[in-house]
Amino acid sequence: MALFEINNLTKRFGGLIAVDNLSFSIKKGEIFSIIGPNGAGKSTVFNCINGLYKPEEGSIQFKGENLIGQRPDQVAKMGIARTFQNLELFAHMTTIDNLLLGRHLHMKANLGQILGLNFRRSKAAKEEITHRRKVEEIIDFLELESARDQYVSNLPYGKQKLVELGRALALEPELILLDEPAAGLNQEEREEMVFWIQDIRDQLGVTVLLIEHNMQLVKGISDRILAISFGKKLTEGTPAEVLNHEEVIKAYLGEVV
Amino acid sequence: MRLKLKQDYFEDIELFEDRVPIFWSVVLLGFLFALPFFVKSYYLTILMLMSVNAIVALGLNLLVGNTGQISLGHAGFVAIGAYTAVLLTKAGAPFIVSFAAAGVVAALFGILLGVPSLKLEGPYLAIATLAFGLAVTVIIGRMDFLGGRMGVSVPKLSLKWTGLKYDTSLYYLIIIITILLTIFTRNFVKSRIGRAFQAIRDSDIAASSIGINLTKYKLLSFGLSATYAGLAGALWAFYLGFISPTNFNFILSIMFLATIVVGGLGFVGGSIMGAVVMTFLNIQLENITDVPILGSLIEKFSEAFMMHSAISNVSWVFTGLILILIVLFEPMGLYGIWLRVKLYWKTWPF
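Protein chains in written order, with our numbering: chain Z, 1 to 257; chain S, 1 to 350.
It should be emphasised that the hints constitute simulated quantities derived from the structure, not laboratory data.
Nothing here was measured: the structure is a model prediction, and the numbers come from that model.
Please note that the accuracy of each hint is not assured.
As the list claims (entries may be wrong) - Partial selection, computed: residues in chain Z whose CB lies under 7 Å from chain S: (1) D73; (2) R82; (3) E88; (4) H92; (5) G102; (6) A109; (7) I114; (8) L117; (9) R120.
A virtual CB, placed ideally from N, CA and C, is assigned to each residue, including glycine.
So here's chain Z without its partners, still in its complex pose (with noise of 0.2 Å):
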């Protein structure tokens, strides 16, 4: 049974159909890749599953429930992590401020609670340890121990682009969402990146879904890829079918004249 499933999934902005009767679905494990030109609709899926905006037709369900209709945070309390294409970082916060955030589904402490935080015995502190030792995980993980105490807006890009990595990682989720996780990253960077989404998957067990314009990376870590344009989908299935199939080369290069 597929983990994740969007059916006739339709969104409008005024006249224009940003997204145009879609449907596809992720097996539980998998890795899938949306990609196609610019503007053809690839975040607008994303903002759609993670609530950011609400779809006019179609249905979006995650282990069989619904996700239309739900704000982000429902979401992310599903299960669904993202991170956003032109970073979406708490940028005057430290590395592990940030990924402690993304343990905030996970903690409990109220503000009764807090007043005990500076005894190492009270049930605030004790939360708060675990938490953080959780977040020392994904700190190792990524590699991010350089970055532990720096504010996010100090990092170089590809380190930021790997908090924001370690944030959704940090929410334990079943799937994640990657917006262009390669985008603007040099070589180097981009080849430990296809090692961090394969061990995303191979190590933690999360399913991913990924949106790419690096055909190589899409290639390379895919195990199914749909390609869409103007919001409708051109065609789906492994990285060799899709690459070599007439409509995406069209999409991308244009038609021969």
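Use these hints to put chain S onto chain Z, whose structure you have.
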């Protein structure tokens, strides 16, 4: 160079990093508690005023510095707290009840004012809060059972059991409450809820996509911030002994905002520093005409360019000047300067 290597995660959330701040905190506490035995009660009243302002600043900083919202109406919450406390004390309630009620009632109004913040941002929100602040004083001025515009005298607290002078007991009461609230605020900022506030400030889209309920936390921020103002209002009423709507005018709201900007937005230490410095400046600048040479010059300047015989305007010119300088040269405020000095000292001679 002193470098401390942390060995366990608790050290990340401890109140004091090492022994040095513990030492200085003890010194400061000792000083504050010994003070009534050495100085005239005039100086105690200054410290009380600083403390009350510090409480408002702590709350306002949570809202503005941490959550990234704005309030130009905080004097309104202070007024609500003050009048609630006075009404209940007159009805015979003990201090703890009227004090807590001041916080609760202000919190309710805070949550109410938080509702527009769900839709409005920046200047629009500023105007909404401004309107609230103005409305509160006008409405109170119209309520005869609150003393109307003439004001109302505040019954004295029964603090005889302490065996100290009234002023001294009140001083201790206010200082202790301020210290407790400061520690609570600091814990709060380090907690999951405090971090959620900052997340909303930096990026509300990202905050909601990691599971933070924006509605809940924005309202909480307004409510909590108003609670501080309400509690401070109660203390202020007991400290003043007489309150009227004009005590809580628009200028006071601006003053609170200036306090946290000067102190350092988003820093607990900044709220305290800002309150101490701004209160001190306000009091000192009112006596500026007593300064030799400069005083008479300022008086002439004031009469020529500002309102006639309204020398207190000068203090506002200085306050404005300080604000501009801080925003230009040290956006992190006094606390930012303090952090820099600390870093220099720690890493000396590098």
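Hints, verified against the model:
1. D73: holds, 5 Å
2. R82: Hint on R82 of chain Z: holds, closest Cβ of chain S at ~6 Å, below 7 Å.
3. E88: Nearest chain S Cβ about 4 Å off; hint holds.
4. H92: holds, 6 Å
5. G102: holds, 6 Å
6. A109: Result: holds, 6 Å to nearest chain S Cβ.
7. I114: With a minimum Cβ separation of about 4 Å from chain S (threshold 7 Å), the hint on I114 of chain Z holds.
8. L117: holds, 4 Å
9. R120: Interface hint status for R120 of chain Z: holds (5 Å vs cutoff 7 Å).
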